[in-house]
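Undergrad: Here's the letter readout for the chains.
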Amino acid sequence: MNSSLFMKIENISKSFPGVKALNRIDLELYSGEALALIGANGAGKSTLMNIIGGVLEKDEGQIFIEGAEVQFKSPIDALRHGISFVHQEMALFPSMTIAENIYLTDFPRNSARVIEKKRMYEECQAILSRLSDTLKPSMRLGDLSAGDQQMVEIARALRTNPKLIIFDEPTSSLTDTEKRRLFTIIDKLKTQGSAIVYITHMLDEVFTVCDKAVVLRNGETVGGGKIKDLDYQTIVKHMIGEKQLDTYLKSTTHVQEEKALEVRGLGYEGVLSDISFNLHKGEVVGLWGLLGAGRSELIRSLVGLDPIQKGEIYLRIDSEMKKVKPKEVHKQVGIVTENRRLDGLLLPMSVRENMSLANLPSFLNKIGLIDTKKESKEAKKYRDMMSIKISSVEQRCETLSGGNQQKVIIGRWLQRNPEIFLLDEPTRGLDVGAKAEIHQLIEDFVSRGAAVLVVSSDIDEIMALSDRFIVLHQGRIVTKLDRNATKTELMSAATGIIEER
Amino acid sequence: MDGTQVEKKKSNIEKLFEANLFLVLPYIILFLVLAVMGLTLPYFFTYRNLMNILRQASSLAIMAMGVTIVLITGGMDISIPAIMAFSGILGSMYIVQGGSILLGVLIMLGVATFLGAVNGMAIAYLRMVPFVVTLSMQAIATGASVWMTRNISISGLPDNYVNIIAGRTFGIPNSIIYVLIIGFIFWVIMKKAMPGRWLFSVGTNVRTSKVSGIPGDAVIFFTYVISGFMAGVAAIFITARLESASPTMGEEGVVLNVIGAAVIGGASIYGGIGTSLGAIFGAIIMTLITNGMNMMHISYHSTLIVKGFVIIFFVAFDSLKRATKAVRI
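In the order they appear, the protein sequences are chains A and B. Numbered by the working numbering, the letters in the first sequence go through residues 2 to 502 in order. Numbered by the working numbering, the letters in the second sequence go through residues 3 to 331 in order.
These aren't lab readings, by the way, just hints derived from the structure by calculation. Note that the Cβ used here is the ideal one computed from N, Cα and C, for glycine as well. Treat the hints loosely; a few may be bogus.
What the hints assert, rightly or not - Quick list of in silico lysine-lysine cross-link-like pairs, BS3-like style, CA-CA up to 30 Å:
hint, chain 1, residue 1, chain 2, residue 2
1, B, Lys323, A, Lys326
2, A, Lys260, A, Lys238
3, A, Lys332, B, Lys212
Unchecked claim - Examples of chain A residues toward chain B, derived with CB under 7 Å:
hint, residue
4, Leu93
5, His331
6, Gln333
7, Leu347
8, Leu358
9, Ala359
10, Leu370
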């Protein structure tokens, strides 16, 4: 394999308001080699690749291509220098043919500026035949499987004859067979002399397709080297950071014997499969996994917001476990979704109206109208209890800070005094103080016997809160860990690797 | 936290103006239109003409209230006038052929409600686009109306029937009294009762509503049922006022008037905002424009142009308000 240095990155830094996203990153990319870029959510992988792809401008540092320094002002600049992107989210048009999708930004045209359809289809066929025997330029994209659509995405990247191809989480929607095919193609591209950057948090793939790896954490390069010199443990340790490896264990526990919720064999094709677990009174169970593992989908399925095809749910009703439908679960639990602006709040409406939303029947007076005085009184009660900082309960929710907004949502469910809370990223985007307050609220729930299922992408947070962990990977429970689980165990399990203790 | 501070920095007058400009704008326009009409038309401010305008506005107000409910959920219903004409024709045919008035009225209400439910089913549960569904319903109902009547007006409705609406109580036309009663009921339900709170919450954010346990799809379904029902009520009003029924009751100009009345009355085509009182005032403004321009001998088609511009102006105002707000957030 001829390995010549294609791109060299020196001292790249990038800041966003309040965050140092990248701090003095160095990187070398060789032709004919695949480099794995590894890191947990928010490590800086995307920022780095967006700089290389010309989407973002760097604050400091230099980029050299084949020895000469380059400045990228736009994605087109990067494209001209032979850099192509295969995106994670497929940005393709289902109603168009493969050829139209590939040439959308740059149709071949004749001197009269009319699209040369024949030439387009011929050129397209030439690219496709590098990847697949079955794909034809005239096929409609919407008729293809996810794997074939991914092939089209790659074909689009190949159209410009790139020297560097960046794959951003390319396997997230592929089946095992499709993955293997993708790996063969990446190998082929390598032998044809392309440099590859492979962004992922699936470690098993790294060992299959990549030659080298670089691990990012909090915007810094923390490790890497030749794949053959690395192993799972080393990479995982780099990803989570070696110091404070096993701190933040939950100190007190309120777990009771009685079950509050039991789930058996829950499944929906392609999203969740065979999910079974118990949730006890007074227990905090941490639902851990990487982005796209099915955590939010599981929470939404439990209450019927997403459909299920298989499985049974049992709920404690009048001190007996009864089989119930998700709709019934919805009536009995408090639920905080991961994006409060999207589906948590009625932003232009008042704190009072937002808080009473799930509990309106209890505010009806004798003639069936809403008793707004009672509504205000109840809202004020929870405002005081959670010290929500508002000028009045009539204040519109869009004017509140994130922490206060989150408390309004929690207050909405507290009004119903549920036995179970399902919390999806309850502290996302909150400052340290607000986080601590939400943590204290969770502690209060369990101390009075409620059960909590919590999702968090922050490993320190989930470790500090949980009595037990359920780890999801690609819609399945890979393992259940007790409160003594280490960060390494959690992170390994989330990447799909189960270690024996 | 930042948001709170920004909120406090604004003066009270500014806040009051910001909050209420949109609400008072229809009334300012109403005043201006009245002033122009009163100054240019000598007979405009006679008791007879004003009562005539209010009577004409009453059926429009009924339909505008129906469409306002739909608009609040972010939907659209352009089939209301066609449903009104179709159900009005069916009921009138029954009454004219010697059927009981009560049953005739129930036919109008029942048929219109059923067609509204078909709209609602397609939109809320089959997730079809409101515009396309109600456009198709408009075509079907209009076509059926013409086919049934062979485009001939059905006349000979008995006085007992006509007097329900066209009669007077203490000198005030019954239709005006009914509109006020229905408007009040709508106001109570929309502002004070749980279905109203559900309506506005679904219109503001249907996802949040569903997460909070509100049956979002059912709420959307029922808005179209109510809108259909109101078309039935309007059918009674119009057939009684005209003492006949014909397919032209639901012609294109009426759709414009209904949507226009709702939008001028403050209903946002983006959902989440609207009042019954606004719909009534919007209906009066639309009728004033029609009536006034008619008295000025301006042609029907020129009137359409003016109405089109008026509606665009209010929708633009609505969009502008949203755009400036989006920047603030």
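Undergrad: Hint by hint, note whether the structure agrees.
TA: Hint-by-hint comparison with the structure:
no., hint, in the structure
1, B/Lys323 <-> A/Lys326, "43 Å, violated"
2, A/Lys260 <-> A/Lys238, "35 Å, violated"
3, A/Lys332 <-> B/Lys212, "12 Å, holds"
4, Leu93, "23 Å, violated"
5, His331, "6 Å, holds"
6, Gln333, "10 Å, violated"
7, Leu347, "5 Å, holds"
8, Leu358, "4 Å, holds"
9, Ala359, "4 Å, holds"
10, Leu370, "4 Å, holds"
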